[in-house]
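**Student:** Listed here are the chains, written in short residue letters.
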Amino acid sequence: MDLRFTETQEILKKMARDFLTTECPKTLVRKLEQSEEGYSPEVWKKMAELGWMGLIIPEEYGGMGYTFQDLVVLLEEIGRNILPGPLIATITSTFSILEAGTEEQKKELLPKIAQGELILTTALLEGDGVFDASGIAVKATPKGDDFVINGTKLFVEMAHVANHIICVTRTKDGTTSEKGTTLFIVDSKTPGISCEVMPTTAADKLCEVRFKDVSVPKKNILGKIDEGWPIVEMMLRKGAIAKCAESLGAIETCVEMTVAYSKERVQYDRPIGAFQAVQHKIADMWTAMETSRYLIYEAAWMESEGLPCAKEASMAKAYVNEVYMDTAKWAVRLHGAIATSADHDIPFYYRRSKAADTAFGGTDFHREIVAQKMGLA
Amino acid sequence: MDLALTDEQKARKQEFYDVCKELEKKKPPSFLGAETVFELDDCWEYHLHCAKEFAKRGWLALGWPPEYDGKGDMMDRVLFAEARGYYDTPGVDIFGVQMLAPTLLQAASEEIKREFLPPIARGEVMWCELWSEPNAGSDLAALSTTAIKKGDEYIINGQKTWNTAAHKADWGFGVFKTDPEARKHHNMTFILLDMKTPGITIRPIPYLDGHAPYCEVYFDDVHVPAKNIVGQEHEGWAVVNLLAGFERSGIDIIMSYIRALEELVKFCNETKRHGQPLAKDPLIRNRLAELACELEAARALAYRVADLQNRNEMSLMDAAAGKIFFSELGERLAFVATDILGPYGQVKTSRWAPLDGLWEKLFHDHFVTTVSMGTNEIQRNIIAWYGLGLPRIR
Chain H
927 MDLRFTETQE
937 ILKKMARDFL
947 TTECPKTLVR
957 KLEQSEEGYS
967 PEVWKKMAEL
977 GWMGLIIPEE
987 YGGMGYTFQD
997 LVVLLEEIGR
1007 NILPGPLIAT
1017 ITSTFSILEA
1027 GTEEQKKELL
1037 PKIAQGELIL
1047 TTALLEGDGV
1057 FDASGIAVKA
1067 TPKGDDFVIN
1077 GTKLFVEMAH
1087 VANHIICVTR
1097 TKDGTTSEKG
1107 TTLFIVDSKT
1117 PGISCEVMPT
1127 TAADKLCEVR
1137 FKDVSVPKKN
1147 ILGKIDEGWP
1157 IVEMMLRKGA
1167 IAKCAESLGA
1177 IETCVEMTVA
1187 YSKERVQYDR
1197 PIGAFQAVQH
1207 KIADMWTAME
1217 TSRYLIYEAA
1227 WMESEGLPCA
1237 KEASMAKAYV
1247 NEVYMDTAKW
1257 AVRLHGAIAT
1267 SADHDIPFYY
1277 RRSKAADTAF
1287 GGTDFHREIV
1297 AQKMGLA
Chain R
18 MDLALTDEQK
28 ARKQEFYDVC
38 KELEKKKPPS
48 FLGAETVFEL
58 DDCWEYHLHC
68 AKEFAKRGWL
78 ALGWPPEYDG
88 KGDMMDRVLF
98 AEARGYYDTP
108 GVDIFGVQML
118 APTLLQAASE
128 EIKREFLPPI
138 ARGEVMWCEL
148 WSEPNAGSDL
158 AALSTTAIKK
168 GDEYIINGQK
178 TWNTAAHKAD
188 WGFGVFKTDP
198 EARKHHNMTF
208 ILLDMKTPGI
218 TIRPIPYLDG
228 HAPYCEVYFD
238 DVHVPAKNIV
248 GQEHEGWAVV
258 NLLAGFERSG
268 IDIIMSYIRA
278 LEELVKFCNE
288 TKRHGQPLAK
298 DPLIRNRLAE
308 LACELEAARA
318 LAYRVADLQN
328 RNEMSLMDAA
338 AGKIFFSELG
348 ERLAFVATDI
358 LGPYGQVKTS
368 RWAPLDGLWE
378 KLFHDHFVTT
388 VSMGTNEIQR
398 NIIAWYGLGL
408 PRIR
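Just so you know, the protein sequences line up as chains H and R, in that order. Positions in the first sequence are counted from 1; adding 926 to them yields our numbering. Positions in the second sequence are counted from 1; adding 17 to them yields our numbering.
Accuracy of the hints is not assured; some may be wrong.
Said to hold, decoys possible - Using 27 Å as the maximum straight-line C-alpha spacing, the simulated DSSO-like pairs for lysine-lysine come out as follows: (1) Lys939/H with Lys1065/H; (2) Lys69/R with Lys1299/H; (3) Lys1299/H with Lys365/R; (4) Lys1255/H with Lys1299/H; (5) Lys43/R with Lys289/R; (6) Lys166/R with Lys1299/H; (7) Lys185/R with Lys44/R; (8) Lys957/H with Lys940/H; (9) Lys1299/H with Lys297/R; (10) Lys1115/H with Lys1098/H; (11) Lys1038/H with Lys939/H; (12) Lys185/R with Lys201/R; (13) Lys1105/H with Lys44/R; (14) Lys244/R with Lys185/R; (15) Lys185/R with Lys1299/H; (16) Lys44/R with Lys244/R; (17) Lys283/R with Lys38/R; (18) Lys1299/H with Lys952/H; (19) Lys43/R with Lys1299/H; (20) Lys297/R with Lys244/R; (21) Lys939/H with Lys971/H.
Rather than coming from a laboratory, the hints here were simulated on the basis of the structure.
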C-alpha cells in the first residue's frame, strides 16, 4: 500500500498546474462562460498537444496509454481552475468507444480524439431527467441499412460544438427498461439534428438536442443492439469518479482561497481567521476535503485495477456531491458579501458545484446504487 | 497510488480475521463494544483472555523492533486493528499496547524499556492513563497534581480524573508537576506508577448510562521510584505530545461501525413494518446508504493516516481530520440507527432489544470518541493552527 502519487503522476500534476495557471486565468473562464462556444479552441489545441484528450487512449490508437488513475490526477488539476470546455464530455464518451467500439470505430475515431480534432458528447437524459433506463424514450427504428432516430435529449453537455454525439436510444420495449436500449455514434451534422443551449446555473452549455428522422448507418451502433445499458452504466461509473476528481480540485481551491482570505481580512483589529468560529468552519471544510480525497482515490484505484467498484464509485459521487456544494457554500459565507459579487472567483465554484452534483447522477441516484450493493433487500 | 496488499499481507490479514472470528465465539453476551471491557467483570475477563491469545502469537508487539521481541511491521498493526475492529475483539490494551509502548520505544531509557515492554507484549500488565484533572481537561498543561522529588523517589499529591480503566489497571502513566516554579510546558514529568501503591484511592465515576468505565484517582503522599520516568525530568510535555501523535487512524472503531451497519442492514431486511421489510422503505435506504458512504470515506482516510505513519511521516492534520470525522459519524450512526429502530431504539439488552441493544449502547458511548483523545474542538484547532497556519490569539 502506498497512497502517494507515482512519479509520472507528479509530473502530470505539475505540468497541468503550470499550464492551467498560464492558459486558464479567471478572465478567460469568465469570457468563456459568456461566449457562445463555451470553450477556447486555442486552449483546446494546446491541451491536445499535451496529450490530454488522448491520455487514456492506448498508444496503438494514437493516445498516451495512461491509466484511469492518472486521468484522475489530471482532472483534479482541471477542477482547481474550473477550465470550461468539452474535456470531460469527450473523455467520458471515449470510455464508451474504448469499452464497446468495433476495431473500425476505434481506428476511425480514437486517433482524431487524441489529436483534439474531434469533440464528443453523450446524450443520455431526456424529459424525465432521470439517470436510469426508464428515462430512455428517444426511439431508433430500423430502416434498410440505417436506423432512424426520433425524439429529444436534454442536458447534453457541449452538444452545440460536438462533432459526434453518442446517443442512447430505445430500440425495443424489453422486459425491463434496461433491455432494448442501443447506443449510436451520431455525426452531429446529420440532417434532422437541431441543438439549443439551455440556460443553467453554471453556464456550462448543457443542450437540448432534437432528433427528427435522423438516419444513422447500422455500422454506427456502439456495442450490441438492444444491449446498450451496461455501456451506459460503465460510462456513468467512470464518469462519476472523473467528475469527483474534478470536484476535488475545485474543493481544494475553495479551501485554499478561504484560508488565504481569512488570514488577510481584518475585522475587530485582527484577521478573521483568528476567530475560532471561522477556524472551526475552515477545519470542517478541510476535513471534508480530505475524506473526499481518499474515497475518490480508492474508487479510482479500483477502477484502474479493473476491480468491481460500482459501489465505491457511487459512494464517492454521493458523498462528494454534497461536500462540494457545502464547501463552496461555506467559501462564500466566510468570504462574506464580497464573494456574492459576480466579479469574484468563488461564485464560479459555487455555481459549478450544482452542475457537478447532477452530472453522472445526483446524490439520491447514487445512494440507491449503494443501498443495493450494501445488501438492502 | 496503490492500495493493494502484498500476498504476505493478505495472508496475515486473513490470519488476524480468523483468530478474531474464533475469539468472537467466546464473547460474553453482555459485551457491547470496547467500553464494556471497563464496565463489566465478565467483559474484562474476556479482554484478558483475548490479550493472552494475541500475546501468544506476538501480536501485542507488532511493529516493535526485533531487539524487543517485536514482530511484523506497522502495516500489520493496521491490518490487525482492522480485524479486531470488525469483530469488536478486545485484548489490545489501548493504554499499554497502543499508547505507552510506542512512546517507550522512542523516548524511554534502555532500562525502562527492558523493564516495562516485555510484560506489555505478554499481555500481563494492563495500563491506565493519568492525565486529566478537574481543572485541566483540554488545557492539560494547566495541571496541578505535584510529584516532588525527595531522594530517589517522587512523592505525588493531588487528583486525576476521567481515568478510563483505572479501577482495573495494574499500572498507570501520567504527567505530574515536578517543578512548580518553572514555566508552563517545562514543569512536568511523565511518570510510570504501580496502581497498587499505598496512598492511591480510586473512585469510579458513574457514566451517563449508569456504568462506570472511568474513575477519579486521588494521590495522598504516593511514593514512586524516581527512575520510573520517560523522557527528561520536567520535560513531560514533549512526551505527552509524542504519545498523542501515535496511532489514531481509528480503523478499529471504523470497522466496528461497518460491522454494526451490516447487522443493521440484516435487521432491516428481516423486520417488517407496514407489511413490508424496513429495507424497502426508500427513506431508510437513503439514510443507510448515506452512512455507508461516510463510513467508506472514514475508512479511506484512516488508511491515509496509517500510510503516513508507516512511512514515519507526520500525520497531525489527517489524524485530526480522521478523528473528527469518524467520531461524529459514530454520533450520526447512533442517532439514525436508534431512530430506525423506533421505540425499540431505547431498549437496553433484554428480550425486547433489537441487535442485543448494541445501538442503544452506542447512543451513550459515542462521547468516548468525540470528547476523549483531545476533544473534536481541540482537533479543529490543531487543523486550523498547526495545519493551515491560521493565527492563534492567546
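**Student:** Look at each hint and say if it fits the structure.
**Tutor:** Here's how the hints hold up against the structure:
Only pairs whose Cα atoms come within 27 Å are accepted, and Lys939/H paired with Lys1065/H is rejected, the gap being roughly 43 Å. This hinted pair does not check out: Lys69/R and Lys1299/H have alpha carbons roughly 38 Å apart, beyond 27 Å. The suggested pairing of Lys1299/H with Lys365/R is violated, with an alpha-carbon distance near 31 Å, which exceeds 27 Å. Of the supplied pair hints, the one linking Lys1255/H and Lys1299/H is violated, its CA atoms being roughly 31 Å apart against a limit of 27 Å.
The suggested pairing of Lys43/R with Lys289/R is violated, with an alpha-carbon distance near 31 Å, which exceeds 27 Å. Only pairs whose Cα atoms come within 27 Å are accepted, and Lys166/R paired with Lys1299/H is rejected, the gap being roughly 62 Å. For the hint linking Lys185/R to Lys44/R, the alpha-carbon distance of about 19 Å falls within 27 Å, and the restraint holds. Restraint check: the Cα-Cα separation between Lys957/H and Lys940/H comes to about 25 Å, which is no more than 27 Å; the hinted pair holds.
Our distance criterion of 27 Å between C-alpha atoms is met by Lys1299/H and Lys297/R, whose separation comes to about 14 Å. At roughly 26 Å between alpha-carbon atoms, Lys1115/H and Lys1098/H fall within 27 Å of each other, so this suggested pair holds. For the given pair, Lys1038/H sits about 24 Å from Lys939/H by alpha-carbon distance, which is consistent with the 27 Å threshold. Of the supplied pair hints, the one linking Lys185/R and Lys201/R is violated, its CA atoms being roughly 32 Å apart against a limit of 27 Å.
Restraint check: the Cα-Cα separation between Lys1105/H and Lys44/R comes to about 49 Å, which exceeds 27 Å; the hinted pair is violated. About 24 Å separates the Cα atoms of Lys244/R and Lys185/R, which keeps this hinted pair within 27 Å; it holds. Between Lys185/R and Lys1299/H the CA atoms are separated by roughly 43 Å; this puts the pair beyond 27 Å, and the hint is violated. For the suggested pair Lys44/R and Lys244/R, the alpha carbons sit about 39 Å apart, so the restraint of at most 27 Å is broken.
Restraint check for Lys283/R and Lys38/R: satisfied, since their Cα atoms lie roughly 19 Å apart, inside the 27 Å limit. This hinted pair does not check out: Lys1299/H and Lys952/H have alpha carbons roughly 41 Å apart, beyond 27 Å. Restraint check for Lys43/R and Lys1299/H: not satisfied, since their Cα atoms lie roughly 31 Å apart, outside the 27 Å limit. A C-alpha spacing of about 64 Å is found between Lys297/R and Lys244/R, which places the hinted pair above 27 Å, so the restraint is violated.
Only pairs whose Cα atoms come within 27 Å are accepted, and Lys939/H paired with Lys971/H is accepted, the gap being roughly 19 Å.
Of the hints listed earlier, those the structure fails to meet are numbers 1, 2, 3, 4, 5, 6, 12, 13, 15, 16, 18, 19, 20, in rising order.
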